[in-house]
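K.L.:
Chains as they are written, first to last, in this note's numbering: chain A, 1 to 153; chain B, 1 to 170.
Hints were generated in silico from the structure; no laboratory data involved. Cβ coordinates follow ideal geometry from the N, Cα and C atoms, glycine included. Not one of these hints is a red herring.
Using 27 Å as the maximum straight-line C-alpha spacing, the simulated BS3-like pairs for lysine-lysine come out as follows: (1) A:Lys-94 / B:Lys-54; (2) A:Lys-54 / B:Lys-157; (3) A:Lys-93 / B:Lys-131; (4) A:Lys-54 / B:Lys-158; (5) A:Lys-54 / B:Lys-62; (6) B:Lys-79 / B:Lys-93; (7) A:Lys-54 / B:Lys-131; (8) A:Lys-94 / B:Lys-131; (9) B:Lys-64 / B:Lys-158; (10) A:Lys-54 / A:Lys-103; (11) A:Lys-93 / B:Lys-54.
Covered stretches of chain B (in silico footprint by chain A; criterion: 3 or more residues with CB under 8 Å from a CB of chain A, positions within the stretch not fixed): (12) 10–21; (13) 41–50; (14) 151–159.
So the chains spell out like this:
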Amino acid sequence: MKKGFALLETLIVITFLIVSLLLLYGTFSNMLSNSKKNILYDNASNIYKAYYVKEYLNLGSLQDIETNDIREITCNEINISGCDTLLNELEIKKLYIANINLKEYDKEKYTSSLNNYLDTLSNNSNNKYRLILEFNNQDILAFASIEIGDIYE
Amino acid sequence: MNKKGVTILELLISITLISIVILLLIKVIFSLDKINNDKTYASNDEISRTELIKNIESDFLKLKLEGLEIRKEENTTIKFYYENAYKELKIAKNKITYNNETKTLESSGATYDLCPSYEYISLDDNYYLIKINIPVLINNENTRVEDDINLTYIGLKKENNNYPLNYVCP
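Generate coordinates for the entire structure from the input sequences, incorporating the hints supplied.
P.N.:
Quick look at the structure:
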């Protein structure tokens, strides 16, 4: 009777080892994806770029932009002559203004990269809006944001 | 008789399968250990880079950047001129020093490019943009721009300033 169990026992052990391996791999891939987020989301130089864009384009005073969710803004709406040059030089592909308390919005209108970034943002602030910059460098999308509103003015 | 033969065969299969799985496990553990070490070094470098960018950019804004000078000898030095002072950024192969604070690269094969890129761009009649990029090379290749040290500044043209219009690395 006992002799017949060797293969079954092995299979159980192998299954156990494979499950452990998968768990280990899952933990590490999570760590790797977190480290990717650290680099592509809100890195120091991009936050300073966001600050300069906000100051130069005078976006801190854009209190009349009424949006409950998120919307893209273009240089045509901002009447500042160096806007295109600035965005081009800083490799900024798109600018968005988003409500701080962004809860429900039409995710299908935006890329999955932007939606993933928005999921990481906190909505705990006294400011009303945030400026979001989408960078495109060598086909890699990176994001940074800075709050806009009374507190910063 | 038949039953005994099956048991030996089963044992052989068991040993072979367990050996293969253990070998795979050891290989995976070693590669994960390497990834973990690389990640720790990369993470330390990232913290250093963030601190350095924050220190320099804060000085740009608080002390008001008025000019700069780039000099390449054995190492590269960027001298930042502020309203009432100057500070130097010294770039060596594996370390960078700003205001007497040194950060050393830990990632394997990582070095600073001693030829930073610099641009002075006129945004409009009143404002200029300064862009400085210090590339970080992995085995002499700039594989990921996110690892570079990127510095930006927007200033007023009418204020005192003394910038080179461009920089060509000798």
